[in-house]
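Asks: Residue numbers (the working numbering), protein chains in the order written: chain A, 1 to 257; chain B, 1 to 278; chain C, 1 to 237; chain D, 1 to 451.
Honestly, the hints are just simulated from the structure, not real lab data. Any given hint could be a false lead.
Dumping the calculated BS3-like pairs for lysine-lysine here, alpha-carbon to alpha-carbon at most 27 Å [claimed, not checked]:
#1 C/230 x D/90
#2 C/230 x C/39
#3 C/150 x B/124
#4 C/150 x A/174
#5 B/162 x D/260
#6 C/150 x A/182
#7 D/208 x C/230
#8 B/270 x C/230
#9 B/270 x B/234
#10 B/101 x B/270
#11 B/162 x B/234
#12 A/174 x D/260
#13 B/235 x B/270
#14 B/124 x B/112
From chain B, some residues computed to sit far from chain A (all C-beta separations above 10 Å) [stated by the list, open to error]:
#15 18
#16 32
#17 35
#18 64
#19 111
#20 128
#21 139
#22 231
#23 274
Computed from a predicted structure; not experimentally measured. Even glycine gets a Cβ: it sits at the ideal position worked out from N, Cα and C.
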Amino acid sequence: MATFIGTWIAAGLTLMILSFLYRDNPFFRFAEHLYVGVSNAYIVWLVWATIVLPDFIGRVFINLDPAKPWSPDYWFLVPGVLGLIMLTRMVPAIEWMSRWALAFVVGWGAGFVIGPVLNSYLLAQLYASFPWVNMQPYLGAPASEYIPALINAVILFVCVVTVLVYFFFSYEHKGVIGGAAKIGIWVLMVAFGASFGSTVMARVSLFIGRARFLVQDAEPTGHAFSALLTLGLLIAIITAIIARRRQPPAGESEPAE
Amino acid sequence: MVRSWERYLLYTLIAFAVFLPLIFPFDVWPNLPTREVLGVFNTIDGLQPGDTIVVAVDFDPSSEPELYPMLLAVLRHAFNKNLYVIGINLFGPAGTGLGVKALTDIGGEMGKVDGEDYVMLGFKPNLPAVISQINSDIKEMYRSDANGRPTADMPILQRTPKLQGNIKYMVDLAAGETVRPWVAYGSAPGGYPMGAGCTAVSFADYFSFYQSGQINGLMGGLKAAAEYEELVGKKGAASAGMNSQSIVHALLVLFIIIGNIIFFRALSLKRAEEGGRA
Amino acid sequence: MMFLRRQLPVVIAFVLGMFTLVIFYIPAAPMQGIGDRLKIFVTIIGAFAMLLGINSILGQHITKIRKRRPGYGYSWVLILGFVAMMIAWIPWWSAPPEGSAAYYPWGGLENPQGAFYWMFFWILVPMQATMFSILAFFIASAAYRSFRAKTLEATVLLVAAVIVMLGRVPLGTSMTSWLPDAGFWSSLRLETMTSWLLNIPNAAGFRGIVLGVALGIIATSVRIIFGVEKTYMGGGD
Amino acid sequence: MALFTVALALAPVVCIAQTGEVAVSAPGREPPPVTPRVLLEFEPPTEIKARDLPNDDGTSILITWRRSPSMPEDVRYTVYFSDGAAGPYKPLPFDFRPIGLDESIMADNLQYFRYRRAYRDYQFIIIDLTAFDAVAAGTHERQAKYDWGQLYFKLGVTTDSAVRLFDPVLHAEPVTQWFDWSKFNNLLMATVFMVVILFFIETARRRKFYIRRIAGLDAVDEAIGRATEMGRPIFYLCGLDPMTTVSTIAATNLLGHVAKHVANYESQIKVPCFDPIVMSVCQETVREAYYEAGRPDAYNSDNVFFITNDQFSYVAAVNGMMVRERPAANFFFGFYYAESLLLGEVGQSTGAIQIAGTDSNVQIPFFITSCDYVLIGEELYAASAYISREPKLLGSVKASDMAKAVIIVVLLLGLVFSVALLIAALNDGGNALGWLGEKMEYFMQLFNEHI
């Protein structure tokens, strides 16, 4: 029974949100507000169950796993106090105290990122751009593999350097620097195009998943009804198009490029 | 300049392109298996009956369309080969339910018994700690499985008290950044080979792991799921989806081409006009 | 007073930042232990901050209802949704399942029979997935609208996107499957071109961005540690 | 068969092995009378040594040896241990995966070893001594803790059923290190860069640096002006990342200047936030901007508000507001995830001027297709410097440029060395250019994650 009701509620909410594709409407606004409310409550639970309870309360106040010996770790009162200080944001008179907690979090973050970022963003990436490093697996390979690999290694190198030149801010893009930056922007465009193309697949499969839910998984009444529902929706969309074609929208600015 | 009716036409066509192949399935275009997917398939195919593998259900419902068919295909393959399967979820609490559902469905279909042939371990936060712990003792970390049953005398966990040394393969179906920790804390110290499945978005990212051999197979997005289904010989949701996917992509390319033709015609008309004026 | 308001935060950020930076280079166990502990501290503080957000959104909508601003009915929906989910979190009508982790006294997602679980799977998840799936339409209209070969750069973007789009689906790859799968002509097969595009220019382009971004990240971190950057405290200097 | 091998080799059993050079690893089975020929004929590795594992917290030791020239199949290296120097030698009490004859090469693991070309012929095994303690704690029979000072090891080769151990007896005391030398290049770069940044920030206080014009930033003023004419609000989003990230800091930096312009033009700015901490920072930033513009009365704290910390409900809410309020301009600065396209497309369909700036690689394409101007990656950081002309930002941009110049020089040197090495390698494979070649390779290794 719970599943039956759930399926229909889910199908209804799905259609309500999809209706946004046509335009903003009361159904979408209902779903949107419900979504925000429910998700906030979910976040509260998530924070409680995965952070506050096991990491804070479970370390200082209560033994959560009675089978194991436990003693309170009072060091963890420090983040508790800082967390409360953070909440002084709600009281305008002592709002400035929250800066201590902020400074703690932000200072920690600043120190924490430097080492790993240098290692994995800078050093590792730099190292992997040297043609000699990229050619290691192909040393001694036959020419039919060696030559394409060599060309690829050189192209990779040139691409990295030109993109770096594009991100030079101290000089106007003129002359040699300008030329390199021009190549750099082309490389970036190829990268963005390729990335766009491969992401299309991910996004479309998400809609396929939703469509499958409407067409096939909406048990127990099964395919027939949901298919009807779907067709109804499509007809509604087409009608809407025709209706909009007939009467030019009044007072609404057409989306410009 | 795009008028709204063009936008709606595009939307409607996409909706049709997705819905119609799902309602009326067909099978025309072969989905050639790629080297990366074959890496996972061949490893599982080479295992002996009675071996144990781990399948990590590290995704939640938001990436279900891509990764759930992959999970089903891998499980079907494993149960077909009479392997024991340990499911685990370390991504988020919402993924456990999906793992339970998939294991129960496919396990039931193949006549496998929960607790004997497979088990689904629930979600635990703090991924690195959990991975290194179950590498040396599962039951210590998981007193109960995802269904709340005690693990103490579960036959599959008697046979496989820990991952290290006992399992022959591990597949991580990851929506997020779980492959890295599984490589670092699980497969590398535990000494078992590892494969990964991911969404099409992070597919390009994980190539670095595949090239370095830290994972021996990589499945990216719906296409890989469809390939795996085809390899297993039981087409399912992903293969059905690939038709829609193909048509939508082709439609999109067609629209781009048409858009460009219109654009250039308008441009040449404008030029001609300007030329006429001059 | 001025010290507490202005200087103390800077001092805290400097001490914390320097400490975490330095222990990256120290493998000894006591230092790593403190480092691990600090990581948990920060997540706990972040968890408290979540209350600020909840306070803001609820306050905003309660004001809306009180002042009867247009659309205040929807604010009721939001608040009722929040309250319902919070109530569902405490399933006093059903005991937690046998053997479930003992440290969750109430029913969240660990309790598959609970109302919270039901609301999560039948309300939150479908809406989340649908919002996500709308992307399919938007990505299509974005492609259609902006992929015009106006300039050389736009053409490059367009061509790369089209090749990868076709190279990743069976319909596309079957268009060039008549080409031989070895030798020179095989490099014109769509899947080969796709793989090359993703592996060489794509990787190089993003590598270039990442190198720059890494420098920017480090520069900002250094500014924070040395108290030059105070934006995070709100306001300018 | 191969699987059976693995199972045996990994069997977590402690058994008293036969003393002497040949021992059996299978429990409860008689030792085979004859050691397999492969093991007897195996040419022993040389230079077997044990020492403390460098750069660790003092819990592991390292065994290294020069590879044996013989490479029979199914034979792998393993390690046996003993509680005292005299023996008997037993298999390790915890799981240990024997390593293959061409695995675990020292030259491939630079986090432990300084790069030397000769290390291509050396192999190593790391033994984590805490694993002994874990075993002692886990089993009730042997409550005695292993004394790390009394642990002795021998390297051996193994097939599925038999083992042959080699002399000498290996022993090393683990030492806790207080500095990780493999991160020395990292530390050096961090320190130099830090000094350079602080230097340029100091210099920037005295004189302004030149920064090239960044396309898209001129459009910011234009967009604000347009909003004033149309009497519609401006939406400003700071991304989805917390306050600790650079992109969010850059976004709030820019917000200050945009808000000041907005206050001057008497337009309206709305900042829907994803993160509560970012929200409170934004509130203060906008308020201060209004004060500086001399219009504190116009500031309305309700215009900077939190929505939710859930990605898609945030987007649903922002999209709803965009469609209803039809902003004249949308600014998307900061770090975004999949929602970038939803924000950009819906904003585009309402006819707003849109300017985006993000360092989230994967999302840049979507902003490019849906926004009028996009600041790519680092341009976002530079943009705040360009607009504000603040010394701290100008100095950072200048320092980053310096670093990029150094990187390009390093890359070009690497290219020259690579070409030289590749040409030399065409003739004599592995040992290209001899001594000089090794120096060149070492130069490139300096920029590896570990040296």
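Asks: A separate judgement is required for each hint: does it hold in the structure or not?
Replies: Against the structure, the hints come out as follows:
no. : hint          : in the structure
1   : C/230 x D/90  : 61 Å, violated
2   : C/230 x C/39  : 22 Å, holds
3   : C/150 x B/124 : 52 Å, violated
4   : C/150 x A/174 : 23 Å, holds
5   : B/162 x D/260 : 61 Å, violated
6   : C/150 x A/182 : 16 Å, holds
7   : D/208 x C/230 : 21 Å, holds
8   : B/270 x C/230 : 54 Å, violated
9   : B/270 x B/234 : 56 Å, violated
10  : B/101 x B/270 : 61 Å, violated
11  : B/162 x B/234 : 32 Å, violated
12  : A/174 x D/260 : 33 Å, violated
13  : B/235 x B/270 : 52 Å, violated
14  : B/124 x B/112 : 26 Å, holds
15  : 18            : 5 Å, violated
16  : 32            : 16 Å, holds
17  : 35            : 15 Å, holds
18  : 64            : 6 Å, violated
19  : 111           : 23 Å, holds
20  : 128           : 15 Å, holds
21  : 139           : 12 Å, holds
22  : 231           : 19 Å, holds
23  : 274           : 21 Å, holds
Checked against the numbered hints above, the structure breaks hints 1, 3, 5, 8, 9, 10, 11, 12, 13, 15 and 18 and satisfies the rest.
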